[in-house]
Amino acid sequence: MGKAKDKSGPLGRRPDNSAFKQQRLPAWSPMLTANTVLPFFYLLALICMLLGVWLLLTVQSTQEIKLDYTELGNCDQCFQLRKNVSYAAQTCSCKVEFSIDRAFKGDVFFYYGLKNFHQNLRRYMDSRDDEQTLGRKNKLKNPSSYCEPFAKDAGVPIAPCGAVANSMFNDSFTLTYHPSRSRTIPVPLLRKGLTWYTDKNVKFRNPKTDNLTLAAAFEGTRQPLYWQKPVYDLDPHDPTNSGFINEDLIIWMREAAFPNFKKLYGILNRADASFTKGLPKGNYTIDISYNFPVQYFQGRKEVVLTTLTWFGGQNHFLPIAYLVTSSLILLMAVVLTLAWWKFGKDGKNMKE
Amino acid sequence: VVRLLKTSPEKPITLAIGDGANDVSMIQEAHVGIGIMGKEGRQAVRNSDYAIARFKFLAKLLLVHGHFYYIRVATLVQYFFYKNVCFITPQFLYQFFCLFSQQTLYDSVYLTLYNICFTSLPILVYSLFEQLVHPDILQSKPGLYRDISKNSLLSFRTFLYWTLLGFSHAFVFFFGSYILMGEDTTLMGNGQMFGNWTFGTLVFTVMVITVTLKLALETQFWTWMNHFVTWGSIAFYFIFSLFYGGIIWPFLHTQDMYFVFVQLLSSGSAWFAIIIIIITCLFPDVVKKVFYRHLCPTSTQKSQSLSAPQAQALSCVESLCCYQHGQSGCSRLACLLEQMMGQCKASVNNCHTSSRSNRSWSDTEILYSNDRSILTLSPIEASRC
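Residue numbers (the UniProt record's numbering), protein chains in the order written: chain A, 1 to 352; chain B, 1 to 385.
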């Protein structure tokens, strides 16, 4: 049986008699009835409940401390100083004290946070040149027009160009532990390994040096207007952390989704003898080199210390969402069972 | 006369059928004009919207084809608006958080490909193949046509349902993701933070999966093609995102999406969030469907549940079982079918009764087999049962 006949005669233009063209494809016709759906609902409610409880227990083990230091203690003087642009070159430092009641066990992460800073503004996000930070030589001295007006400084190209790089956060922090009134132990923070692996090793590359120093590779460019140091000097102690691959720069360049955000500054170095188990309880001070002015956008600055679990920081939303959803599903399943029992059992309603 | 009917108070939709040149003006005047090719020439056919060969085919045209096509087109239109509402509303909601600066939530490639690649095929296959009820049941129960009369599937009520569903889903996508990421929570175990492209990708992923699964809930007739395009669309989205984010694209001044998708997927939190958001969106819909089916089922739904065995018997009739003077090549298939469906032997006796119920079939009409291959021709000459 094939197309043996010629396409002629009264049946010549008949469409093909295949299951596909005659809409007779074999198919599965599911029907959403209570018998099929209810066991599934009960199972789902059970699974969500178990997951919710598990996640809740995991989250309970995290600890977090937040400190808003914009005007805290003697940081207020720095805050007033930074109101005046002409003193921008002056350094200002202040101290903030806090104490921990329960020791932070495990890895401790040190973040800085900003409030009311819109890194998600469109013109701000467009104002960058990823090709330049990729290390492409032709783009180093010829930044993209998207970077305007932060592309050139009196005719000299800026590296890295753009508003994002220009507004880089430049406060620095040193943490100290006071086990007793007289002793102080500096808390060592790892300032590497903070970025995505692909960011540090692929997306951001220094222009090729060819045995030149980093400073020479950036010859012919200037630092962004708001910076105090040129890009090749961001980390004088470590050449693998200078230039475009500086971790603070990379972290800053990953724009946050919302106006209140935090970014990773350092991780506790647990190789140090005093801090192998984490942060012990007691008094701490943070020495802050206060540079970043926030009053222009009514912003706040804060410091966050937190421990994490495998699924992230102190976020109660997930476990609560799972528990709430499981109880709702259970409720609806019970209501549905009752409705089915009363009205629809054995196809009561289905008779015509 | 047709014009008179059209202007009557209920404003009915009129259908006129005719086969001769004198029927042309009537066919043109009615909303739906049907011409019959016949002894009186082709005049009527040339002026009509639809042409058929015999008057008796009108029953199948109206009750089966008309019913199916109406459902398909109506659902297509409603679903299209729904999925685009789901698509655009999170972008709008994001503006409240980015000072209305028109920053997009999703990357421009995703903006372009959403309607072209990620969500186009499932609805296309739905609108080609969807069958709510078996065609034979539709023909034997003309009353089922009343379920879709008066443009009920495109009424204001149905439109409101789909649109409000779209808005509520979009709110759940956006605010679910927003509360999860908590503005400043890390989702990774190593402390690294996500950026706004990762957030947008999370919303987009949840959205693509939910709108596809919503259509899967609406589909009642799952052919292999439906399975292929539904699960294939979701798989394609994942594969494409991995591909797109895995390359540093030359000649682009921004590499926003580089490795964003992989980072998102490597976060256990994000996976849990995706699952809970999808469940939250689709669960009320499933409950509503089951409730309505049990508390106030439509006649179509009643005929769906009761007539499944009847339909099976019919398909057995259509199969080769009846025609034991097996025709060349098909007799082997007949034996196979008889072996697969054990009851075939008994249904030989049902041939008489069943064929009588199919009023539109005549004895001399060529009957076809329910073969499983999609593109083979297999006409069988009918023989009297």
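These are calculated hints, taken from the structure and not from any lab test. Some clues are possibly wrong.
To be verified - 25 Å max Cα-Cα, derived DMTMM-like pairs, lysine to aspartate or glutamate:
| id | chain 1 | residue 1 | chain 2 | residue 2 |
| --- | --- | --- | --- | --- |
| 1 | A | K200 | A | D238 |
| 2 | B | K11 | B | E40 |
| 3 | A | K200 | B | D107 |
| 4 | A | K200 | B | E218 |
| 5 | A | K21 | B | D256 |
| 6 | A | K342 | B | D285 |
| 7 | A | K139 | B | D107 |
| 8 | B | K56 | A | E71 |
| 9 | A | K281 | A | E64 |
| 10 | A | K200 | A | D235 |
| 11 | B | K11 | B | D107 |
| 12 | A | K83 | A | D101 |
| 13 | B | K150 | B | E10 |
| 14 | A | K192 | B | D49 |
| 15 | A | K139 | A | E64 |
| 16 | A | K95 | A | E302 |
| 17 | A | K152 | B | D256 |
| 18 | A | K208 | B | D285 |
| 19 | A | K66 | A | E255 |
| 20 | A | K152 | A | D287 |
| 21 | A | K200 | A | D68 |
| 22 | B | K289 | B | D147 |
| 23 | B | K6 | B | E29 |
| 24 | A | K66 | A | D210 |
| 25 | A | K83 | A | E302 |
| 26 | A | K95 | A | D68 |
| 27 | A | K192 | A | E71 |
| 28 | A | K137 | B | D147 |
| 29 | A | K141 | B | D256 |
| 30 | A | K21 | B | E218 |
| 31 | A | K115 | A | D153 |
| 32 | B | K60 | A | D68 |
| 33 | A | K281 | A | E148 |
| 34 | A | K139 | B | D256 |
| 35 | A | K115 | B | D256 |
>> Need the status of pair K200/A, D107/B: alpha-carbon distance at most 25 Å?
In response: This hinted pair holds, its Cα atoms lying about 22 Å apart.
> Taken at face value, is the distance from the CA of E71/A to the CA of K192/A at most 25 Å?
Replying inline: Given pair K192/A, E71/A is violated - Cα atoms ~29 Å apart, limit 25 Å.
> Does the alpha-carbon distance linking K200/A and D68/A stay inside the 25 Å limit?
Replying inline: violated (30 Å)
> Does the alpha-carbon distance linking K137/A and D147/B stay inside the 25 Å limit?
Replying inline: Measuring from Cα to Cα gives roughly 69 Å; hence the hint is violated.
> Holds or violated: are the alpha carbons of K139/A and D256/B at most 25 Å from each other?
Replying inline: holds (17 Å)
> Does K21/A pair with D256/B here, judged by a C-alpha cut-off of 25 Å?
Replying inline: Status violated; Cα separation ~46 Å.
> Going straight from one Cα to the other, do K200/A and D235/A come out at no more than 25 Å?
Replying inline: holds (15 Å)
>> Tell me if the straight-line CA distance from K66/A to E255/A falls inside 25 Å.
In response: holds (21 Å)
> Given the hinted pair K139/A and D107/B, is their alpha-carbon gap at most 25 Å?
Replying inline: Between K139/A and D107/B the Cα gap is close to 23 Å, so the pair holds against 25 Å.
> Going straight from one Cα to the other, do K115/A and D256/B come out at no more than 25 Å?
Replying inline: Holds - the C-alpha atoms of D256/B and K115/A are around 23 Å apart, at most 25 Å.
> Is the straight-line distance between the alpha-carbon of K139/A and that of E64/A 25 Å or less?
Replying inline: Distance of about 42 Å is beyond 25 Å: violated.
> Is K281/A within 25 Å of E148/A, Cα to Cα?
Replying inline: violated (49 Å)
In this structure, the earlier hints numbered 2, 4, 5, 8, 11, 12, 14, 15, 18, 20, 21, 24, 27, 28, 31, 32 and 33 are contradicted, and the remaining ones agree with it.
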